[in-house]
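Build out the structure end to end from the sequences listed, making use of the hints.
Going down the list, the sequences are from chains A and B.
So for the first sequence, our numbering puts the first residue at 1; every next one is plus one.
So for the second sequence, our numbering puts the first residue at 1; every next one is plus one.
These are computed hints drawn from the structure, not numbers from a lab.
Quantities reported herein were computed from a predicted structural model and do not represent experimental measurements.
Treat the hints with care, since some could be wrong.
[What the hints assert, rightly or not] So the derived list for chain B, only partly shown, Cβ under 10 Å to chain A, looks like this:
1) Gly107
2) Val111
3) Met114
4) Trp133
5) Ala218
6) Ala220
7) Cys382
8) His422
[What the hints assert, rightly or not] Covered stretches of chain A (chain B as the covering partner; in silico rule of three or more C-beta atoms under 8 Å from a C-beta of chain B):
9) 50-60
10) 89-103
11) 106-113
12) 143-152
Virtual Cβ for every residue (Gly too), placed ideally from N, Cα, C.
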Amino acid sequence: LAPVSASGDTVVHGGPAPTGKAATARRLTAAAALALAAAFAARAPASLLAAEWRTHRAGAPPDPLAGLHAVAARAPVEPIGFVTDSADPDQIAYRLYLVQYAAAPRPLVHPAMGNGDLPRPRFAIAWLSAGTSIAAVPAARGMRVVEDAGAGFLLVEAPR
Amino acid sequence: MTIWTTLACTAGLVLPALAASVWLRRVPPLAPLAVRLPLAFLTGLGVSALGYVAWRACGLPHGPAFVASDAVLFSAVAVAGLLRGAPPKPLEAETRGGRSTISRISGAISVAVMAVAAAGILLRLSNNPDGAWDAWAMWNTRARFLALAATPEQAFWVSPALHPEYPLLLPGAVARLFGYAGRVTPAAPASIAFACTLATAALLWGGLRARPIAAATAVALLLGTKGWLLWGTSMYADVPLAAFVLAAVVGLRLADAERGPERRAAVIVAGLSAGFACWTKSEGLLALVLLVAARGLLAPPGRERWRWRTALHPFAAGAAVPVLAVILYKALQPVPDALIASQGARTLRMLSDPERLSIVAAAFARELWALGNGAIAVAVACSILLRCRPSRAGAWTMAVPVAMIAAFGVVFLVTPHDLGWHLRTALDRLLIQCWPLLLYALFQSGDSATPPEGIQKMSTSASPLRAG
Chain A
1 LAPVSASGDT VVHGGPAPTG KAATARRLTA AAALALAAAF AARAPASLLA
51 AEWRTHRAGA PPDPLAGLHA VAARAPVEPI GFVTDSADPD QIAYRLYLVQ
101 YAAAPRPLVH PAMGNGDLPR PRFAIAWLSA GTSIAAVPAA RGMRVVEDAG
151 AGFLLVEAPR
Chain B
1 MTIWTTLACT AGLVLPALAA SVWLRRVPPL APLAVRLPLA FLTGLGVSAL
51 GYVAWRACGL PHGPAFVASD AVLFSAVAVA GLLRGAPPKP LEAETRGGRS
101 TISRISGAIS VAVMAVAAAG ILLRLSNNPD GAWDAWAMWN TRARFLALAA
151 TPEQAFWVSP ALHPEYPLLL PGAVARLFGY AGRVTPAAPA SIAFACTLAT
201 AALLWGGLRA RPIAAATAVA LLLGTKGWLL WGTSMYADVP LAAFVLAAVV
251 GLRLADAERG PERRAAVIVA GLSAGFACWT KSEGLLALVL LVAARGLLAP
301 PGRERWRWRT ALHPFAAGAA VPVLAVILYK ALQPVPDALI ASQGARTLRM
351 LSDPERLSIV AAAFARELWA LGNGAIAVAV ACSILLRCRP SRAGAWTMAV
401 PVAMIAAFGV VFLVTPHDLG WHLRTALDRL LIQCWPLLLY ALFQSGDSAT
451 PPEGIQKMST SASPLRAG
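Rendered as structure tokens:
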């Protein structure tokens, strides 16, 4: 057990401090360790700062979320569908999750979301490649365009 | 992100942190500013997120009514703490350590590294306001459901692809800040990401501050790890989880330097942090179990083991509420955990499959080395140079991250997903969860809870050991 001092406080000794050459050696190795860590550490934050500064200077690329938010805001708060002209599975997954992000709290009904068994929603958000017409997308056949935010983002309504 | 929404989100983070800080002043092992500030931020984040989720689960609306109640509650808690009078006097060691030159120089180096890192983090968050894939595909989408849904069913029972079985600390915290900002804004997850990434470094400094050079070295290595900065700014839950696990371990280690009611309160706070780790991500539950086991099994027989047995009750009391929230939430979820649900007859076959074993072992070796481009080797070299030798009483802190990494290996062996894809997309993030704790364990010393030289005074009130 730790000794108890006359004043009633427990006293813990951290060990005797080194003196003379031992102390100098300790200080040198400690300084070497800190220098090593600082040299190592300087790279990551500095390179991150430089890379992000370059990105900042270059300007932000077009943000698909602006168009998605614009069409999602027009949709009623109820389950919503998703239409795309892409055939690339990675591209479909990217668009699907980004549409769900913008459309929340409207649940996106799609087999890939694990809820494909729900009834087909009345409204759907379409994310089409530049220049593609909604009429050319088989999944959206017969749908009426409610809102066109440009750049391929549309809110479409299924026929009643 | 406008300046006003950012300020509102900051106010939403500061208020519970302030309330926690006022009360942590009264817990001597956690009272020093370097420990108290990051710990108060994390405690406030966890408590406020839990409160928000409870509010929404009761069907109460998101909006000004919540913000007013939340602000009044945390202000009242802070005022109540202030009205209780002056906190106990700081430890003698704290006042001595704070004045030393070496402490100032090391502190200045840490602050400089943190300032450069903070600038990089801010720029990255500004360039990527919605974070990386999992942030917008899951964590922040869950936050939007929590904040914007009209009913609890819509808020909590989301599509299976959005992982409704994942715990809600991060989405709850983000949704709560949406309330403070008055609208859905990327500033909410960004402020949490910024604060968590830096608070972990501050807590690492605070936990090791008895040896300022070791503390500065550990902070430099953490913020010098590119993966830490990138995952931190991705707005994923891995960095907050790492922060809570570190808080639990640092809290327990600092509590070891104390006796009596003060120790009990510090252990409760450590338990609360461990509970919040469970409420952040499923890996938190693993960390909690391993922490309790390592602390109990690896403590030297005799006094240390006895001390842990006496600490189990307050630790469990601290962890109880968040852990119960996790259990209740998971029990009510219709979606089972994919990993657990997929186990069965093939589990043993997968565990003993030599091909899977070699793939997992090779991936771990590669990623452990790639973590910060060899940061582990630099950390080990620095800890040897600094003569950091953990005491027997503190050896368990190294066992926790090592056991976590081993457990991750087992998870990958039995994963129901494609092994290559799962390793590619998750392993580096999982290792990041252990990184601050590995650094803490490497750089702590036998006397890391006490100053390196000199004498520390400790309160001994109501200590059953004192008589013995």
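Structure-based check of each hint:
1. Gly107: Violated, because the Cβ-Cβ distance from Gly107 of chain B to chain A comes to roughly 12 Å (cut-off 10 Å).
2. Val111: Violated: closest Cβ of chain A sits about 13 Å from Val111 of chain B, beyond 10 Å.
3. Met114: holds, 9 Å
4. Trp133: This hint holds: Trp133 of chain B lies near chain A, its Cβ roughly 8 Å from the closest one there, short of 10 Å.
5. Ala218: holds, 8 Å
6. Ala220: Holds. Min distance 4 Å.
7. Cys382: Constraint on Cys382 of chain B satisfied, holds at 4 Å.
8. His422: Constraint on His422 of chain B not satisfied, violated at 16 Å.
9. 50-60: Since 5 is at least three, the answer is holds.
10. 89-103: Answer holds; 4 residues pass the 8 Å Cβ test.
11. 106-113: Answer holds; 4 residues pass the 8 Å Cβ test.
12. 143-152: violated (count 0)
Comparing the model with each numbered hint stated earlier shows that hints 1, 2, 8 and 12 do not hold.
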